[in-house]
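*Asks:* Listed below are the residues making up each chain.
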Amino acid sequence: MMKRISVCAGLALALAAASTAAVTGAGARGTGTEIRSGGTLTIALAEEPDALDPTLARTFVGRIVFMHMCEKLYDLNRQLQIVPQLAASLPKVSRDKLTVTIRLRTGLRFNDGTPLNAQAAKISLDRHRELTASRRASELAPVDSVQAVGNRTIVLKLKQPFAPLTAQLADRAGMIMSPAQLDKLGARFAQEPVCVGPFRFASRTAGDRIVVRKSPFYYARNRVHLNEIVFRIINEPSAAAQSLRAGDVDVVDRLASTELAAVRRDKDLRIVKATSIGYQGITINIGNKRGLGKLPYQNVGTSIASSALLREALDAAIDRRLLNKVVFNGTVQPGCGPIAPVSPWFDKTIKCNLSRDMARARRLVSRSGVRNPTIKLMANTDAVALREGQFIQSQAREAGINVILEPTEFVTSLRKADDGNYETFRIGWSGRVDPDGNIYQFVHTQGSLNDAGYSNPRLDKLLDDARAATSTAERKRLYSQAVQVIRRNRPLIYLYHQVTRDGVKQNVVGLQLFGDGLIRAQFAGFTR
Amino acid sequence: MSYVEVAPLVTPRARRRRLLLRRFVRRPFAVLGLVVALAFVVSAILAPVVAPANPDATDFNALLAHPSSEHLLGTDELGRDILSRIIWGARASIQAGVLATLLAMVIAVPIGLVAGYYRGWLDPVISRFTDVLLAFPFLIVAVGLAAILGPSLLNATIALGVGAAPGLIRIARGEALALREEDYVRAAVANGAGGPTILARHILPNMMNTLIVQATVTIPAAIIGEATLSFLGLGVQPPTPSWGVMLSAAQPYISDAPRLALYPGLAVVCCTLSFNLLGDGLRDVLDPRTQR
Amino acid sequence: MGGFLLRKIGAALVVLFLASVLVFAGARAIPGDIALALGGEERNPQVIEQIREKYGLNDPLPVQYVRWVGLALTGDLGRDSRELPVGHTIVTRLPLTLELAGLSLLIAALIGLPAGVIAAVRRGKPSDYTATTIALVGLSIPHFWLGLVLIIAFAVELHWLPAGGYVPLSEDPVENLRHMLMPAFVLGTGFSAVLMRQMRSAMLDSLASDYVRTARAKGLSEWAVVGVHAFRNSLITVVTVLGLQLGALISGAVITEQIFGIAGFGRLTVDAITQRDYSLLQGVVLVAAAGYVVASLAVDVVYSLLNPRIRVGGRPA
Numbered sequence: 001m002m003k004r005i006s007v008c009a010g011l012a013l014a015l016a017a018a019s020t021a022a023v024t025g026a027g028a029r030g031t032g033t034e035i036r037s038g039g040t041l042t043i044a045l046a047e048e049p050d051a052l053d054p055t056l057a058r059t060f061v062g063r064i065v066f067m068h069m070c071e072k073l074y075d076l077n078r079q080l081q082i083v084p085q086l087a088a089s090l091p092k093v094s095r096d097k098l099t100v101t102i103r104l105r106t107g108l109r110f111n112d113g114t115p116l117n118a119q120a121a122k123i124s125l126d127r128h129r130e131l132t133a134s135r136r137a138s139e140l141a142p143v144d145s146v147q148a149v150g151n152r153t154i155v156l157k158l159k160q161p162f163a164p165l166t167a168q169l170a171d172r173a174g175m176i177m178s179p180a181q182l183d184k185l186g187a188r189f190a191q192e193p194v195c196v197g198p199f200r201f202a203s204r205t206a207g208d209r210i211v212v213r214k215s216p217f218y219y220a221r222n223r224v225h226l227n228e229i230v231f232r233i234i235n236e237p238s239a240a241a242q243s244l245r246a247g248d249v250d251v252v253d254r255l256a257s258t259e260l261a262a263v264r265r266d267k268d269l270r271i272v273k274a275t276s277i278g279y280q281g282i283t284i285n286i287g288n289k290r291g292l293g294k295l296p297y298q299n300v301g302t303s304i305a306s307s308a309l310l311r312e313a314l315d316a317a318i319d320r321r322l323l324n325k326v327v328f329n330g331t332v333q334p335g336c337g338p339i340a341p342v343s344p345w346f347d348k349t350i351k352c353n354l355s356r357d358m359a360r361a362r363r364l365v366s367r368s369g370v371r372n373p374t375i376k377l378m379a380n381t382d383a384v385a386l387r388e389g390q391f392i393q394s395q396a397r398e399a400g401i402n403v404i405l406e407p408t409e410f411v412t413s414l415r416k417a418d419d420g421n422y423e424t425f426r427i428g429w430s431g432r433v434d435p436d437g438n439i440y441q442f443v444h445t446q447g448s449l450n451d452a453g454y455s456n457p458r459l460d461k462l463l464d465d466a467r468a469a470t471s472t473a474e475r476k477r478l479y480s481q482a483v484q485v486i487r488r489n490r491p492l493i494y495l496y497h498q499v500t501r502d503g504v505k506q507n508v509v510g511l512q513l514f515g516d517g518l519i520r521a522q523f524a525g526f527t528r
Numbered sequence: 001m002s003y004v005e006v007a008p009l010v011t012p013r014a015r016r017r018r019l020l021l022r023r024f025v026r027r028p029f030a031v032l033g034l035v036v037a038l039a040f041v042v043s044a045i046l047a048p049v050v051a052p053a054n055p056d057a058t059d060f061n062a063l064l065a066h067p068s069s070e071h072l073l074g075t076d077e078l079g080r081d082i083l084s085r086i087i088w089g090a091r092a093s094i095q096a097g098v099l100a101t102l103l104a105m106v107i108a109v110p111i112g113l114v115a116g117y118y119r120g121w122l123d124p125v126i127s128r129f130t131d132v133l134l135a136f137p138f139l140i141v142a143v144g145l146a147a148i149l150g151p152s153l154l155n156a157t158i159a160l161g162v163g164a165a166p167g168l169i170r171i172a173r174g175e176a177l178a179l180r181e182e183d184y185v186r187a188a189v190a191n192g193a194g195g196p197t198i199l200a201r202h203i204l205p206n207m208m209n210t211l212i213v214q215a216t217v218t219i220p221a222a223i224i225g226e227a228t229l230s231f232l233g234l235g236v237q238p239p240t241p242s243w244g245v246m247l248s249a250a251q252p253y254i255s256d257a258p259r260l261a262l263y264p265g266l267a268v269v270c271c272t273l274s275f276n277l278l279g280d281g282l283r284d285v286l287d288p289r290t291q292r
Numbered sequence: 001m002g003g004f005l006l007r008k009i010g011a012a013l014v015v016l017f018l019a020s021v022l023v024f025a026g027a028r029a030i031p032g033d034i035a036l037a038l039g040g041e042e043r044n045p046q047v048i049e050q051i052r053e054k055y056g057l058n059d060p061l062p063v064q065y066v067r068w069v070g071l072a073l074t075g076d077l078g079r080d081s082r083e084l085p086v087g088h089t090i091v092t093r094l095p096l097t098l099e100l101a102g103l104s105l106l107i108a109a110l111i112g113l114p115a116g117v118i119a120a121v122r123r124g125k126p127s128d129y130t131a132t133t134i135a136l137v138g139l140s141i142p143h144f145w146l147g148l149v150l151i152i153a154f155a156v157e158l159h160w161l162p163a164g165g166y167v168p169l170s171e172d173p174v175e176n177l178r179h180m181l182m183p184a185f186v187l188g189t190g191f192s193a194v195l196m197r198q199m200r201s202a203m204l205d206s207l208a209s210d211y212v213r214t215a216r217a218k219g220l221s222e223w224a225v226v227g228v229h230a231f232r233n234s235l236i237t238v239v240t241v242l243g244l245q246l247g248a249l250i251s252g253a254v255i256t257e258q259i260f261g262i263a264g265f266g267r268l269t270v271d272a273i274t275q276r277d278y279s280l281l282q283g284v285v286l287v288a289a290a291g292y293v294v295a296s297l298a299v300d301v302v303y304s305l306l307n308p309r310i311r312v313g314g315r316p317a
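For the record, the sequence lines run as chains A, B and C. Residue numbering for the first sequence follows the numbering used here, beginning at 1 and increasing consecutively. Residue numbering for the second sequence follows the numbering used here, beginning at 1 and increasing consecutively. Residue numbering for the third sequence follows the numbering used here, beginning at 1 and increasing consecutively.
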């Protein structure tokens with residue numbers, strides 16, 4: 001069960017959030033097929049969503065549920081462009097970029113029947129910014145004030161120009177909650193969330209299921225075919241796949257690689273996929289001696305921290321292609337850097353040996369002068385992480401590096417990482433569209449997730465310059481240089497990028513999976 | 001953890017040894033249990049000699065291979081020889097089984113003796129304490145302990161030993177309670193023998209049969225416990241082979257390679273069953289009540 | 001009797017109090033806290049600090065403990081990490097585990113009791129050996145492995161039964177039963193072995209007792225002797241002993257729910273531990289401990305009613 005939960009917590013963090021690239025086979029296959037009205041769609045979620053409160057929510061699976069019952073000011077389309085949802089149009093930004101004006105759609109009603117107006121939007125945005133422990137506060141930090149102008153217009157005053165604002169409003173920070181329900185439940189909104197959406201919250205059984213039913217108040221209710229969607233939490237990947245094959249569920253969020261073959265063989269099922277822009281890798285504790293953020297970082301003195309050659313040897317000893325084949329059945333994308341090949345920021349010219357170079361690895365080990373090098377690797381406790389850990393161990397052994405596996409329950413491993421109480425840590429990042437979001441926090445001296453305790457003035461300058469630079473070409477050049485510095489010094493060793501694969505029954509049409517990896521079944525239905 | 005009824009025992013010892021042995025030999029299941037249990041213990045000790053291959057040696061070109069002359073039981077998800085891993089896995093199981101039982105005995109017997117013999121204020125205190133421990137479902141305590149101490153074979157063994165202790169405390173207490181009323185104990189008291197002397201000379205020796213029987217049922221329970229904890233990721237850590245770890249790793253392959261889940265499980269069942277058969281036989285032999 | 005009852009209730013309260021202290025301390029002893037678990041991938045230090053503040057984790061431990069117990073006494077167990085009331089969460093999840101436990105006990109009784117009676121009546125005969133040995137095999141099979149084997153056989157190979165999950169009884173009773181069959185069988189077999197052995201030894205005791213001898217001497221039929229007198233008296237012993245197996249039942253449920261993906265009480269507890277969901281963990285363990293205490297109190301009372309001597313001697317092991 002340990003392993004189960006860590007799958008859940010680990011994946012929640014590791015896989016969560018955005019991914020890019022177009023999706024193959026996800027389309028509404030509905031053209032030509034008639035969609036039956038009614039029915040219950042059952043979606044198996046790989047983890048349990050947290051609080052169903054847009055202000056407090058943090059999980060990836062929570063966003064899938066919100067997709068169906070809490071609409072946002074903006075949304076993404078298939079090309080991952082931002083499009084209006086509750087807003088009538090894209091925001092108008094003043095010349096000084098400090099005032100953002102948003103017009104709302106007309107005829108919007110919350111799922112309790114009360115109208116959505118500018119005042120309601122202001123209440124929600126203010127709650128996002130001010131509620132204790134709000135996860136949205138940092139996303140909306142540059143917003144100075146929100147005003148409701150008339151019934152349909154809200155005006156956001158910014159402290160400084162903030163281009164990603166619209167993108168934030170296309171996620172949970174842009175969700176508008178019913179003020180009547182907020183009055184009733186306050187901070188306990190999650191008990192019975194009410195928003196604008198094609199479905200409204202019906203019930204939740206903790207750890208088991210969340211049920212939403214078709215809303216009579218939704219503005220586009222004639223496009224909604226399903227009567228009900230049941231989100232079932234099935235942590236065990238094989239159980240989820242078996243439920244899909246047995247017909248107990250219609251959609252499975254993120255199939256395990258060990259289940260893909262069986263799902264593919266089944267002609268009643270299909271697989272839709274999207275490549276993540278995140279990465280998975282090994283973080284190496286270089287200078288995190290006294291804890292995250294306790295500057296200055298100073299070398300922790302382990303052989304892997306002291307010897308760049310040893311880190312290089314470990315990197316060279318791991319055959320990423322074989323890792324993909326053995327551990328993941330060929331379902332991930334091997335890689336060497338923080339930016340995924342699907343990203344427009346990816347630099348093809350940076351060399352990356354996806355196979356291994358054992359001779360070089362052995363040479364590096366002997367050149368490092370470390371006798372019988374031994375490295376402790378902290379990893380998750382689920383089956384996949386253990387398989388992966390043992391694979392790395394076996395590869396490193398051939399190069400003469402002894403890797404000791406330390407499977408650690410997920411929250412404990414976070415604590416240890418933040419305390420600097422580890423040697424190496426197998427962890428990943430879900431990825432952000434902007435490269436800054438995949439690099440800065442982890443390797444900049446001031447980075448908030450710099451568990452490696454890495455401090456390199458040259459890299460700091462590159463990353464700071466890239467933040468300030470205006471032209472994309474200039475930024476791209478700086479990030480390429482930064483990636484090369486990281487690849488040379490290896491505070492992190494990057495291994496691969498994940499590919500999300502969802503299993504769907506053939507009789508389900510109109511279900512969409514965009515690059516963000518979220519299941520969109522608002523307008524889905526069953527074939528006649 | 002133990003499912004055994006308590007039997008108050010007063011057996012005059014040495015002269016019956018031969019009789020006991022003869023009784024034991026007449027029970028084919030018990031003898032079979034002894035033989036198989038010994039086989040497991042021996043192969044665990046001699047694993048480096050007996051195992052056909054290195055249990056950690058991976059072969060990425062032979063993943064999930066079917067049984068063959070090279071790999072009698074096939075290979076696992078990382079191309080390791082399953083038979084060798086099962087043989088090495090016996091080490092973790094038997095180590096956990098024996099050590100946890102010893103630990104439980106070391107904790108439980110003195111406490112139970114003191115509670116049962118001296119009674120007074122100590123007895124209710126100890127009884128309440130064991131009540132509290134029994135009130136927590138064992139597996140939940142083990143999960144919590146593993147989260148606090150970190151998962152390892154040692155910690156799993158400690159959790160199993162501590163988990164088995166409350167039940168044994170009750171049994172030891174009950175025994176002491178009954179034995180202190182025996183004539184020879186009263187006689188010793190009348191002769192001025194002190195508490196410790198009586199406990200060591202009269203009560204403990206007369207509990208030995210019960211304790212031996214308890215040990216033979218606690219060992220298999222602890223072996224299952226180790227497999228369960230390791231299955232949950234709370235015990236032995238990979239790549240160290242353990243039956244529970246192997247079963248846990250096999251779970252994702254249950255539709256493609258069910259044998260990965262079958263063989264280690266059979267090993268657990270055979271090993272546990274052999275100890276249980278042995279324990280049952282011993283109880284029949286040592287416990288006069290069933291000789292009625 | 002009144003004094004005895006009062007004493008037992010007092011002891012039960014002491015047990016509950018100690019249990020509450022233990023679970024509270026135990027929860028805090030796990031490395032990492034709920035703020036870290038809830039902090040999300042970014043682990044924004046400000047957010048983490050706010051979460052700690054919100055859950056009152058910055059107060060001294062005794063203050064936190066008193067606050068929790070104070071609220072618990074008013075029936076408020078706090079809110080879990082999903083922002084749902086803990087009481088509500090427990091109430092919605094408990095029925096699953098109760099159903100699982102109930103069905104398992106039913107299966108255990110259907111197998112274990114007749115087997116125990118037969119083994120005792122036909123003591124030393126082949127049927128006794130067979131039943132005793134089968135019971136030993138039952139005790140030797142780990143729940144989780146039996147679960148895996150059943151899944152391989154009935155779900156993966158034969159497609160007769162679902163591999164896991166749960167359908168509420170109210171939604172579809174037939175499906176509910178189909179989902180529960182394998183888990184209940186897995187949990188039930190272990191207990192049937194326990195029941196069988198308890199029943200056998202209790203029956204042997206009864207059969208050797210004075211009243212059975214008297215009944216036989218009175219010329220009652222063997223059926224009446226065994227079926228009515230001995231069986232009924234043995235059953236009481238077995239039931240009381242079973243009451244003390246609640247902890248083992250919950251432990252069994254934890255792993256059975258794990259294998260079959262049933263979101264019951266056991267899963268809830270384990271999830272609470274890994275999520276550092278303090279209020280949920282404390283609530284769940286307290287409820288489990290209370291259940292145990294009530295069960296053993298009931299056992300004490302029943303037992304003392306049946307056997308007045310026990311009020312002096314203590315409870316059977």
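You may find that some hints are simply not true.
Said to hold, decoys possible - Derived, one-sided and incomplete: chain A residues facing chain C with beta-carbon distance under 7 Å:
{"hint": "1", "residue": "Asp-50"}
{"hint": "2", "residue": "Arg-58"}
{"hint": "3", "residue": "Gln-160"}
{"hint": "4", "residue": "Asn-324"}
{"hint": "5", "residue": "Val-433"}
Unchecked claim - With a cut-off of at most 27 Å between alpha-carbon atoms, the simulated DSSO-like pairs for lysine-lysine come out as follows:
{"hint": "6", "chain 1": "C", "residue 1": "Lys-8", "chain 2": "A", "residue 2": "Lys-122"}
{"hint": "7", "chain 1": "A", "residue 1": "Lys-184", "chain 2": "C", "residue 2": "Lys-54"}
{"hint": "8", "chain 1": "A", "residue 1": "Lys-294", "chain 2": "A", "residue 2": "Lys-273"}
{"hint": "9", "chain 1": "A", "residue 1": "Lys-273", "chain 2": "A", "residue 2": "Lys-325"}
{"hint": "10", "chain 1": "C", "residue 1": "Lys-54", "chain 2": "A", "residue 2": "Lys-294"}
{"hint": "11", "chain 1": "A", "residue 1": "Lys-159", "chain 2": "A", "residue 2": "Lys-214"}
{"hint": "12", "chain 1": "A", "residue 1": "Lys-159", "chain 2": "A", "residue 2": "Lys-184"}
{"hint": "13", "chain 1": "A", "residue 1": "Lys-289", "chain 2": "A", "residue 2": "Lys-416"}
{"hint": "14", "chain 1": "A", "residue 1": "Lys-416", "chain 2": "C", "residue 2": "Lys-218"}
The set of hints was computed from the structure by calculation and includes no laboratory data. Since this is a predicted model, take the numbers as computed values, not measurements. Ideal Cβ placement from N, Cα and C applies to all residues, glycine included.
*Asks:* When you check the alpha-carbon spacing of A:Lys-159 and A:Lys-184, does it fall within 27 Å?
*Replies:* violated (32 Å)
*Asks:* Have a go at the A:Asp-50 hint: is there a Cβ in chain C nearer than 7 Å to its own Cβ?
*Replies:* holds (6 Å)
*Asks:* Quick one, is the A:Gln-160 hint okay against chain C at 7 Å, beta carbons?
*Replies:* Check failed: Cβ of A:Gln-160 comes no nearer than 19 Å to chain C, outside 7 Å.
*Asks:* Are C:Lys-8 and A:Lys-122 close enough, with their CA atoms no more than 27 Å apart?
*Replies:* Given that 27 Å is the threshold and the Cα spacing comes to 59 Å, the pair is violated.
*Asks:* When you check the alpha-carbon spacing of A:Lys-273 and A:Lys-325, does it fall within 27 Å?
*Replies:* holds (18 Å)
*Asks:* Measure nothing beyond the straight line between the CA atoms of A:Lys-289 and A:Lys-416; if it is 27 Å or shorter, mark the hint as holding.
*Replies:* Judged against 27 Å, a Cα distance of about 11 Å means the pair holds.
*Asks:* Between A:Lys-294 and A:Lys-273, does the CA-CA distance stay at or below 27 Å?
*Replies:* violated (41 Å)
*Asks:* For the pair supplied as a hint, C:Lys-54 and A:Lys-294, is the alpha-carbon distance within the 27 Å limit?
*Replies:* holds (25 Å)
*Asks:* Taken at face value, is the distance from the CA of C:Lys-218 to the CA of A:Lys-416 at most 27 Å?
*Replies:* Violated, at roughly 75 Å.
*Asks:* Has the given pair, A:Lys-184 with C:Lys-54, been kept, meaning a C-alpha gap of at most 27 Å?
*Replies:* holds (20 Å)
*Asks:* Does the interface hint hold: is A:Asn-324 within less than 7 Å of chain C, judged Cβ to Cβ?
*Replies:* This hint is violated: A:Asn-324 lies away from chain C, its Cβ roughly 23 Å from the closest one there, beyond 7 Å.
*Asks:* Against chain C, is A:Val-433 within 7 Å by beta-carbon distance?
*Replies:* This hint is violated: A:Val-433 lies away from chain C, its Cβ roughly 15 Å from the closest one there, beyond 7 Å.
Checked against the numbered hints given earlier, the structure breaks hints 3, 4, 5, 6, 8, 11, 12 and 14 and satisfies all the rest.
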